[in-house]
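Each chain, written out:
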Amino acid sequence: MFLWPPLPVVLPLFTAAFVAAAGPYLPRKLVDAITLGTAAAVMAVCCLLTLQSSGSAIVYWFGAWVPYGHFPIGVAFVIDPMGAGMAAFVAFLVMAAFTFSWQYFDDVRTLYHSLMLIFLAAMCGMCLTGDIFNMFVWFELMSAAGVALCGYHADETGPLQGAINFSVMNTLGAFLSLSGVAMLYSRTGALNFAGIEVALQRQEHLGVFLPIVFIFVIAGFLVKSAAFPFHFWLDDAHAVAPTPVCILFSGVMVELGLFAAARVYYSVFAIALLPWLPALRTLFLAVGATSAIVGGLMAFGQRHLKRLLAFSTISHMGVMILGFALFTSTGLAGTALYVLGHGLVKGALFVGAGILLNRFQSVDEFALQNVGRQMPKTAIIFILGAVGLAGMPPFATYFGEAAIEHSGTQAGLPWISIVIMLSGFLTAGAVLRVAGRVFFGWGEKPTGESRAPRIDLKREMQGQKSKTPPTMWLPAAVMLIIAIALGWFTPLRQAILRDATWFRNTRGYVAAVLHGSAGGPGQYHVPVPHAMPGMHIGGVWMPDMWREVITLALAALLAAIALFPYAIGRRAGTALRHGAALAMRPLHAIHSGKIGDYVAWFTVGIAALAGYLALRR
Amino acid sequence: MTTYAYVVAAWLFAIGLFGIVTSKNLVHMCLCLTVVQASTYLLLTGVGYRPGGTAPIFVNLPAGAPIVDPVVQALMLTDIVVETTVVALMLALTVQIHKKTGNCDPNATTALQG
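For the protein sequence lines, the chains are A and B, in the order given. According to the working numbering, the first sequence is numbered sequentially starting from 1. According to the working numbering, the second sequence is numbered sequentially starting from 1001.
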């Protein structure tokens, strides 16, 4: 039992070192098997930890440096079902990525496997840690491994540029987070989440220091979670990263940013920041809604397939931020479900894009027109993916959306439903448009004014494959099936609601860490809301699903209009195209690809967030 | 003394940011990033400073003598290690970009736009 908690981190790190050292002398198949096995083992351990921690949080002090008179002096992993479950999901997606890359890269060297394993270890560390500086270190390790993976094809300009943008933005965010950590330490003398929380309770007259430090500490996580004005690096990085890496970037890495922000908020700041709660809610709702809409619009405006999916991730991250921004258990549970559903659906879509890239050396929508007529499996991946993005039941995304919408309506914020519908409408519309063009050959050829694709990815795969091997489409099929199955699985939804309620229980968390689960009040003695909306599939047939049906229908209509703009009349179609291009111009303009601009946005964004919180109250 | 350190730290952060925003060369940009990083060193050590404190080496130290906080110094060391990795990685990417395009201007390569 006491050996389990560090395993999700230790195991992949050791294997990474082993593979890096011995890999060149081993056959490729063996390296694949070892790394896949390691990811599977991590997932098994994390699942075990999820189950074990569902009674009370597991607190593991490294080197047995237990608290000294209730004051934390060591570094701890604090494992609760939410964190361990997230780590298990991370490991699952890493397995999917490894399976996909089995026959995807021809020239893959073992460094790829090592980097992926380090990436896995860092993400698990983020999920399990109970120490703020420890979290910073995992965050930086995750960024470093991510940057190296993003620029893995180091002989092309696109990946290099994307990796530079990725690393500068994330490192800057991490520096601001570290400054925040230093400021917190100066007032509390603690680095353990629970220790800081207790010390903050004792402090008085912190005034505006507190919200500003909070924004500083989560700055890095906001950059990572691609909240609007910090999201610019994401679409650059995703567009150029190797496809298996994209599955992880979109599926879990970005979500971990939000997870870390939520973890820091609920274990450290929640009680101390109570006077600022209305301001925080307004702030995060605004950030989430803007990300959802900007991401959706930009996704629809792309013809580069991976970049389209990247912007869709930004849009859906906005939805997840909305769920967090409600500061309710139901909202947070909705976000958690949405993370699962979105990660699986988006992973499947990236696999689909990877299959196209593998077969035709292009991810440009127009270059791929009509090439996919003989690819029914890939077509199904894309269409089902669009349905999942629109949040149709029984995809897990539906249940996440339904919970967030339910909580929003209860809080008197019905417009949240409209934002979520817009996000699903735009992103599903974009994917359906691509599917229609690529697999059915619909749509007109572009006229000269269209934006030419600038990113060349043909080197990702050498030699045209005439047939798609099953190791490539199988991960997508499995991910889609699980995304559907999770929705049907009622106990999971109930467990997530319970875990979200516990996750938000600051006092329980502190007691579990500093007093041990035996002494003091247990972590979990809080009432759990009884049911989640959309819980009872058997009795009532999903009462809220009309929203999703409308969303999907409108998305299909949008895709049809985009494919056949002249069906509504030549002049009307032309006017529509020009109008849309004109409206999108400022949005395209701010996504300039220039790192200087992004850093300026970052500075303005942080100043705006901190300034707003400092002035409100 | 400590206030002065904080002011310098804030200044370094701001000037580093300014450098990155206006940078015309990727190597220059990496160095600006290390300037921002230097601000975190100052902030961390400034936080741990105690007036009259000596180095936290507990050999031959009279009991009760004031020492500076060793925890933040450990953090700073970790910070250095972590950031060296990141900057090394970025410089490696810069070398590759220079090999590929022949220049280091971050605004010259517009592979990722719109």
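Just so you know, the hints here were simulated from the structure itself, not pulled from any lab data. Every residue gets a Cβ at the ideal spot worked out from N, C-alpha and C, and that includes glycine. Some clues are possibly wrong.
Incomplete in silico selection of chain A near chain B, CB under 7 angstroms [claimed, not checked]:
hint, residue
1, F133
2, T171
3, A610
To be clear about the criterion: a stretch of chain B counts as covered by chain A if any three or more of its residues have a C-beta under 8 angstroms from a C-beta of chain A, and this derived list gives those stretches [stated by the list, open to error]:
hint, region
4, 1019-1032
5, 1071-1079
Output of the computed footprint for chain B on chain A, the stretches with three or more beta carbons under 8 angstroms from beta carbons of chain B [unchecked claim]:
hint, region
6, 84-93
7, 181-189
8, 206-216
So, going through the hints one by one against the coordinates:
no.	hint	in the structure
1	F133	6 angstroms, holds
2	T171	5 angstroms, holds
3	A610	13 angstroms, violated
4	1019-1032	holds (count 6)
5	1071-1079	holds (count 5)
6	84-93	violated (count 0)
7	181-189	holds (count 5)
8	206-216	violated (count 0)
Of the hints listed earlier, those the structure fails to meet are numbers 3, 6, 8, in rising order.
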